[in-house]
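One line per chain: the protein sequences are A and B, in this order. In terms of the UniProt record's numbering, the first sequence opens at residue 1 and continues consecutively. In terms of the UniProt record's numbering, the second sequence opens at residue 1 and continues consecutively.
Some hints here could point you the wrong way.
Identical chains share a label here; the pair holds if one copy fits it or two copies do between them.
What the hints assert, rightly or not - Listed below are the simulated DSS-like cross-link pairs for lysine-lysine, each with C-alpha atoms no more than 25 Å apart in a straight line:
(1) Lys28 x Lys187
(2) Lys28 x Lys3
(3) Lys49 x Lys162
(4) Lys90 x Lys39
(5) Lys133 x Lys341
(6) Lys133 x Lys196
(7) Lys133 x Lys187
These are computed hints drawn from the structure, not numbers from a lab.
2 protein chains.
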Amino acid sequence: MAKKQMKLGAFFMLPGHHAVAWRHPDAKADHVLNFDFIKEQALTAERGKFDMVFLADGVAAGAESKVFGQSSSVPFEPFTLLSAIAAVTKNIGIVGTVSTTYNEPFNVARKFASLDHLSNGRAGWNVVTSGGKEAASNFGLKEEPLHAQRYERAHEFVDVVKQLWDSWEDNAIVFNQETGQYADASKVHTLNYEGKYLSVGGPLNIARPVQGHPVVVQAGSSEAGKELAARTAEVIFTAWQTLEEAQDFYRDVKGRMAKYGRNPDELKIMPGVYPIVGQTLEEAETKRQQLLDLIPESLGVARLSRQLGVDLAGYPVDGPLPELPDVSQINGGKSRFQLLKDLAERENLTIRQLYQNIAGARGHREIIGTPEQIADQLEDWFDHGAADGFNIMPPVFPTGLNDFVDYVIPELQKRGLFREEYTGTTLRENLELQRPENQFSKEAVTH
Amino acid sequence: MAKKQMKLGAFFMLPGHHAVAWRHPDAKADHVLNFDFIKEQALTAERGKFDMVFLADGVAAGAESKVFGQSSSVPFEPFTLLSAIAAVTKNIGIVGTVSTTYNEPFNVARKFASLDHLSNGRAGWNVVTSGGKEAASNFGLKEEPLHAQRYERAHEFVDVVKQLWDSWEDNAIVFNQETGQYADASKVHTLNYEGKYLSVGGPLNIARPVQGHPVVVQAGSSEAGKELAARTAEVIFTAWQTLEEAQDFYRDVKGRMAKYGRNPDELKIMPGVYPIVGQTLEEAETKRQQLLDLIPESLGVARLSRQLGVDLAGYPVDGPLPELPDVSQINGGKSRFQLLKDLAERENLTIRQLYQNIAGARGHREIIGTPEQIADQLEDWFDHGAADGFNIMPPVFPTGLNDFVDYVIPELQKRGLFREEYTGTTLRENLELQRPENQFSKEAVTH
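Modelling step: build the complete structure from the supplied sequences, incorporating the hints.
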């Protein structure tokens with residue numbers, strides 16, 4: 001039997017995942033908003049046989065941050081960018097982040113269905129609930145909605161979107177030019193969904209997506225996030241520093257699936273990984289130091305403060321963290337808070353060490369070394385129940401992505417851990433996920 | 001002095017503008033949701049030097065219509081499709097319809113800004129207010145919002161979107177890798193907009209669009225629509241049957257601009273035109289009859305009923321229209337109602353004649369004949385104060401578009417009425433529209 005293979009995402013964040021990637025000599029002023037450059041990156045990822053390009057998103061410029069002017073925060077909006085990438089690629093999946101808090105389910109269902117048709121079945125939706133006061137203010141709210149309310153709405157939202165995707169059965173379009181029947185109206189369904197937060201009539205005004213449902217991805221790792229993922233997600237993008245944490249999470253979430261009638265294989269867990277690749281370990285270490293030296297102290301402290309939700313500005317940067325509140329008092333970013341708190345305690349880090357530690361990987365796992373050493377670290381987690389694959393976060397584009405594609409992927413392929421060619425035509429097929437049945441046509445069979 | 005030249009839009013509606021274009025032998029089952037086919041159409045339009053591809057939109061499947069199964073209603077969502085078209089074209093403008101009633105201004109401003117960067121300055125936004133009860137039900141409403149309220153919200157919406165586009169000044173991004181200054185925070189502006197319908201903090205999370213503002217297009221021709229256009233629009237897409245009506249409208253709207261401090265040249269009026277091109281007039285007439293013969297009677301009556309907002313099902317199809325209500329009692333589609341009522345009275349048409357008359361062109365002007373005859377009719381309106389250009393609505397793709405590009409455009413070019421090559425790099429430049437100043441940096445200069 002062929003060896004089980006890992007799934008890989010290429011997490012695009014231009015000009016790179018490092019906190020101040022834009023200051024790196026490989027980054028150029030136009031790398032953020034130049035489609036030709038991003039197209040080249042997408043083609044590189046496709047050459048590397050990545051399962052997907054992954055785009056994060058936020059709905060605020062971060063203008064209230066004290067270090068606003070020091071970081072880059074004006075990327076393309078994911079939908080427009082993903083559609084353009086779809087038009088110039090053939091095989092790679094295209095996964096975008098869209099908020100359930102600041103959008104209408106009809107619009108979201110429709111855009112992902114459209115993207116799925118446009119790409120012949122390569123679309124995926126990363127579901128987020130978008131915390132933050134500045135984001136709220138951009139949508140007419142004085143305060144951000146509470147974490148619990150955002151997640152309640154998210155459950156409804158995902159349910160409605162899936163119903164909208166199913167509102168046209170696969171064979172609803174007849175296209176009989178002779179008789180004049182375009183669609184079989186009995187295979188097109190209204191929903192009349194009425195929930196606590198949402199009410200949607202339907203049907204959607206686009207045919208069922210090629211994949212049935214675009215692949216549903218999630219990133220939150222709080223209790224509410226894990227429950228939403230166990231019930232609805234097919235891919236989880238998550239952040240862990242140690243094998244043990246990652247194994248616990250993997251077991252925990254997969255263990256929650258049975259009560260929703262789901263099989264653990266229906267969900268692929270893909271921790272984020274920030275790789276620094278060298279021809280030697282020494283070269284990789286030098287690259288890492290070069291990146292850390294780019295971070296201004298004020299920026300490092302401010303970013304860490306924001307990620308923790310605690311202002312560290314008054315504390316000595318080479319001293320320890322102050323006493324932190326309990327995670328239950330944090331509204332949003334709960335899992336990130338816990339991870340940073342644990343990391344600082346475990347490794348006894350100063351504020352500077354902690355911000356340097358997370359500056360690039362933003363709480364994700366940093367792996368450094370030769371292609372063989374990088375592959376060893378990925379294989380270790382993959383073989384020991386911590387991951388079904390990884391979301392790769394290059395420190396700086398294009399070099400970080402090129403290094404991974406040119407040196408690490410061939411090493412993974414040599415070990416039989418990664419595909420040599422795309423095996424499916426859809427994202428779902430490449431991820432070895434089943435095409436979902438249509439909930440409305442199933443009912444029709446039952447009655 | 002060079003002769004003034006007309007502007008041309010290619011109105012994409014797949015598989016064509018005729019009511020049952022999908023039944024025509026040139027239409028194939030996959031023409032609606034096959035990007036490769038649409039890409040080919042976009043390249044044809046670009047070969048024809050069209051100013052823009054134009055996409056209409058609606059946010060309901062129309063499933064409550066009695067003739068739902070007979071017409072095609074499952075196109076791509078405009079944003080995803082336009083972004084993909086942007087990625088595979090170089091010069092042509094890309095204009096999409098987005099509702100101000102069922103979207104958030106932050107999301108809309110951001111997507112058009114993103115599309116404008118993606119296309120290097122070729123984006124345009126057709127502002128609509130989306131009537132209809134089925135649309136309302138898809139967004140949690142029991143009834144459609146009143147016409148007047150939709151337009152009040154639209155005024156606010158366009159204002160806020162323009163402010164968001166201006167929230168980053170053109171030179172706000174510094175990108176000084178040496179000093180670590182990415183952006184000049186003093187050139188990034190919060191809005192704190194508080195209106196009757198909308199409240200938006202800002203700034204936007206993307207740099208100012210390449211064109212300053214993507215081109216603002218409008219289609220409504222009611223009193224409220226004309227006022228919104230005179231105040232905010234740069235292109236109007238409109239529907240008129242006779243030269244006199246079109247001249248009246250042209251004079252009326254351009255006459256309203258002065259009170260908003262605008263010059264008539266800042267607005268291009270482009271009536272829709274449905275051309276049927278033959279090598280002889282007889283061939284064109286045959287093509288027309290072939291199209292009309294495709295329309296089932298039930299569909300013709302139902303479509304006319306919907307466009308009028310009056311159910312005609314009980315009346316003899318070869319008899320006259322019944323007594324119609326006054327236009328003031330119509331909520332939405334006011335200008336379409338008036339146009340159809342006037343047309344039926346003027347030409348003394350039966351129900352069948354009226355639905356056949358509008359089946360293809362949907363109330364727009366049908367022009368039939370040889371390339372020379374088509375060019376004559378366009379030139380007539382262009383020269384006599386009725387139009388600055390036209391939005392071309394091919395009956396069926398690809399043949400209807402090919403005919404126009406291969407035969408009519410060369411005739412217009414021969415007469416000096418249309419460009420031989422693109423003269424600008426942005427849509428705004430091709431339309432001869434000024435790049436707007438930034439409202440926030442103007443203030444900065446004043447104080």
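Each hint tested on the structure:
Only between protomers do Lys28 and Lys187 lie at most 25 Å apart by alpha-carbon distance; the minimum there is 21 Å, versus 52 Å within a single protomer. For a Cα distance limit of 25 Å, the shortest separation of Lys28 from Lys3 qualifies neither inside one copy, at 41 Å, nor across copies, at 44 Å. Within a single copy, Lys49 and Lys162 get their C-alpha atoms no closer than 28 Å, and across copies no closer than 41 Å, so neither meets the 25 Å cut-off. Taking the shortest alpha-carbon separations for Lys90 and Lys39, both the intra-copy value of 12 Å and the inter-copy value of 15 Å come in at or below 25 Å.
In this assembly of identical chains, the alpha carbons of Lys133 and Lys341 lie at most 25 Å apart only when taken from the same copy (23 Å versus 52 Å across copies). Taking CA atoms no more than 25 Å apart as the test, Lys133 paired with Lys196 passes in both settings, with 23 Å inside one copy and 21 Å between copies. Taking the closest pair of Cα atoms, Lys133 and Lys187 come within 25 Å of each other only across two copies (22 Å); inside a single copy the shortest separation is 43 Å, beyond that limit.
Checked against the numbered hints given earlier, this structure breaks hints 2, 3; the rest are met.
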